[in-house]
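Asker: Sequence:
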Amino acid sequence: ELYTSSSDIELGYDNDKYEGNQYVGLRFPRVAVPMGSLVHRAHVAFVVDAVGDCCNETFDVTVKMQKIANAPSLAGQPAGYLSAMYSGNATSGSVTYAPEVDEAIGDAASTPDLSALVQEVLGQDGWASGNAMLVLFGEATGNSEAHSREYESFDGAGGSAPSLVIEYCPMAVDPCPGGAAPKLAIARVAAAADDVEEAVPGATSGTVAVGELYTSSSDIELGYDKDKYTGNQYVGLRFTGLDMPASADVKSARVKFWVDAAGSCCEGDLSVTVKMQKAADAPAFTGQSSGYLDTLYTTGATAAEVTYTPEVDGAGDVHQPRYTPDLKDLLQEVVGLTQWAPGNAVVALFAPGTAGTAESNSREYESFDTDPSMAASLVVEYCPPHGRTTGSTSSAFRSGMVGGLVTLLLIVLHLR
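In terms of the numbering used here, the sequence shown opens at residue 61 and continues consecutively.
Hint data in this document are derived by calculation from the structure and do not stem from the laboratory. Keep in mind that the hints are not guaranteed to be accurate.
Unchecked claim - Restraint ranges, calculated between C-beta atoms of paired labels, are given here:
(1) Gly347 with Ser67: 51 to 59 Å
(2) Thr430 with Ser66: 32 to 40 Å
(3) Ser152 with Asp120: 54 to 62 Å
(4) Thr64 with Val225: 20 to 28 Å
(5) Val372 with Tyr141: 44 to 52 Å
(6) Ala306 with Thr414: 35 to 43 Å
(7) Ser67 with Asp185: 36 to 44 Å
(8) Thr118 with Ser66: 18 to 26 Å
(9) Gln399 with Ser65: 51 to 59 Å
Each residue gets a CB set at the ideal place from its N, CA and C atoms; glycine is no exception.
Go ahead and model the full structure; you've got the sequences and the hints to work with.
Answerer: Put into structure tokens, the structure is as follows:
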């Protein structure tokens, strides 16, 4: 049964109205984000309602969103509705939320970044600015009342009800023929073995030999590395399940990173060259031979390439997103291959453009091993094959970029 009159929102375990873990659904109406927007960051913000023995043990809960263009009202839905949405009609992406133990009533709490989930909802056919979104919490790991967190609800304190905070950039790519907005496809590094590093020939071996694929890095370093070997390195990112039709017209494609470190580690000049593996379904990195990325980059990559000169990140930029330049010409080569099919895998390759000579000639971004929710992702806008057009796009990612974006808009939505 859907319970709609709670004086608080309890994530995790509940022993008041029943005994056990529970689903929580938060519906946010009138989400004024235009179709085709690129979601920079997103999170649900809470206000703490209770602290102490009620909720002082650690646990995890998984966050998803209802995968629908306009989430219907929760009122009048049948028994088991949240369970059905969570298990059968939710986003393919999910985020693990391990809430901190709260110290004081009235404090703020926040989920991790949910931008990939919001982006997936925006990509649904029929999405329009002003539609509603439903955020779902489930699969909590606790087994007692202490394995919960209590936050204000609309019933308990309307002004402190949960809010959905979205920071986004309205995209300005040309429409598809007939005026339809381009579709969105997103793929994220989904395993520890899908973001890898490999020293370039000429580097000096250390704990890892030159040419060996390193799959367990706590971060992804573009450029120079002096920890496991000394020298410049390749980076390979494998994005599985890219849901694009063959011969789609790629309007925009960018890799999204999250900054892992800033300062003396990575404040020097850096440029890298980006290519993609020219394969209709890029195989896994696991088990590949020594020098695999070097071979791919030099003999098995797209003819198209792009130079990426990442900005220098400051101390306040840690856990901020960063974007490559547009990689649409690279991806167009891949999806134009005969054997390409929706759901296939793509590999992006990064090689030193201007060879660095010190650790500072690098940029450090989050890896899957450290935080899967901040693993690199590939964000694509495309038109279906029958909508192929020629000519340039007027992308929102043009000159004057700050943090990879020109215009950032913030929207805060409250439960009503």
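Asker: Each of the hints needs a verdict: does it hold here or not?
Answerer: Tested hints:
no.	hint	in the structure
1	Gly347 with Ser67: 51 to 59 Å	55 Å, holds
2	Thr430 with Ser66: 32 to 40 Å	35 Å, holds
3	Ser152 with Asp120: 54 to 62 Å	19 Å, violated
4	Thr64 with Val225: 20 to 28 Å	23 Å, holds
5	Val372 with Tyr141: 44 to 52 Å	49 Å, holds
6	Ala306 with Thr414: 35 to 43 Å	36 Å, holds
7	Ser67 with Asp185: 36 to 44 Å	38 Å, holds
8	Thr118 with Ser66: 18 to 26 Å	23 Å, holds
9	Gln399 with Ser65: 51 to 59 Å	55 Å, holds
In the structure shown, a violation is registered for the earlier hint numbered 3 alone.
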